[in-house]
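Asks: First to last, the sequence lines map onto chains A and B.
Position 62 of the first sequence, counting from 1, maps to 62 under full-length UniProt numbering, and the rest follow consecutively.
Position 3 of the second sequence, counting from 1, maps to 3 under full-length UniProt numbering, and the rest follow consecutively.
Don't read these hints as lab results, they were simulated from the structure.
Owing to the predicted nature of the structure, the values given are computational and were not obtained by experimental measurement.
Even for Gly, the Cβ is constructed at its ideal location relative to N, Cα and C.
Careful, some of the hints might be misleading.
[Said to hold, decoys possible] Stretches of chain B that chain A covers, calculated by requiring three or more beta carbons in the stretch to come under 8 Å of a beta carbon on chain A: (1) 12-19; (2) 35-47; (3) 56-65; (4) 91-98.
Number of protein chains: 2
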Amino acid sequence: MNGNKRTFQPPYYAVIFISQRTTGDRGYGKMAEAMERLVSKQPGFLGVESARDNELGITVSYWESLEAISNWKKNEAHKIAQEKGKQEWYQNYSVRICKVEREYSFEL
Amino acid sequence: MNGNKRTFQPPYYAVIFISQRTTGDRGYGKMAEAMERLVSKQPGFLGVESARDNELGITVSYWESLEAISNWKKNEAHKIAQEKGKQEWYQNYSVRICKVEREYSFEL
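Between the sequences and the hints, there should be enough to build the whole structure, so can you do that?
Replies: Here it is, written out as structure tokens:
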């Protein structure tokens, strides 16, 4: 998904998820696809952008409100994925909940 | 830099920079290294995390205040880099200025 073409109207919220994976897939790819489908139907979800290289993965998701973020965190299927994440997929991760106050973009 | 080991005390600020590159290096690597050295000396700079794959690059930098972000944007050497970015290195980019309200992390 190319979020650079999409801009939203601040204020809205961003969740910055930064992770280092364990080695091997361990079912991660399949679950990631399922979560992507599921989150896209979540009320208040605006969009998501991801990049991963050998060092680090960064996923930023965008939301209308803190309540929408909280509801997604409590989603039952997502809770199972979160648990598997701790057990299998991530060496470490950090989550930052942010209010987007301003944005601008450039396009050739 | 592995920011997952470092946490800061909210509230602080994050700048989410998401970009698609043009093809070829065009002097980007050298300038990126110079900017990394320079930003690390900038007052109010807390840290930076980056990931780039074939689709997208995401860089998140962390700052003590909006004023510190504004001062870095106005830095003379950084302004030259910003100009080169538009002329040479980026097909498109978006910049989001955010207040980090909450964070948590996990480590195996």
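Asks: Look at each hint and say if it fits the structure.
Replies: Verification of the hints:
no.	hint	result
1	12-19	holds (count 4)
2	35-47	violated (count 0)
3	56-65	holds (count 4)
4	91-98	holds (count 8)
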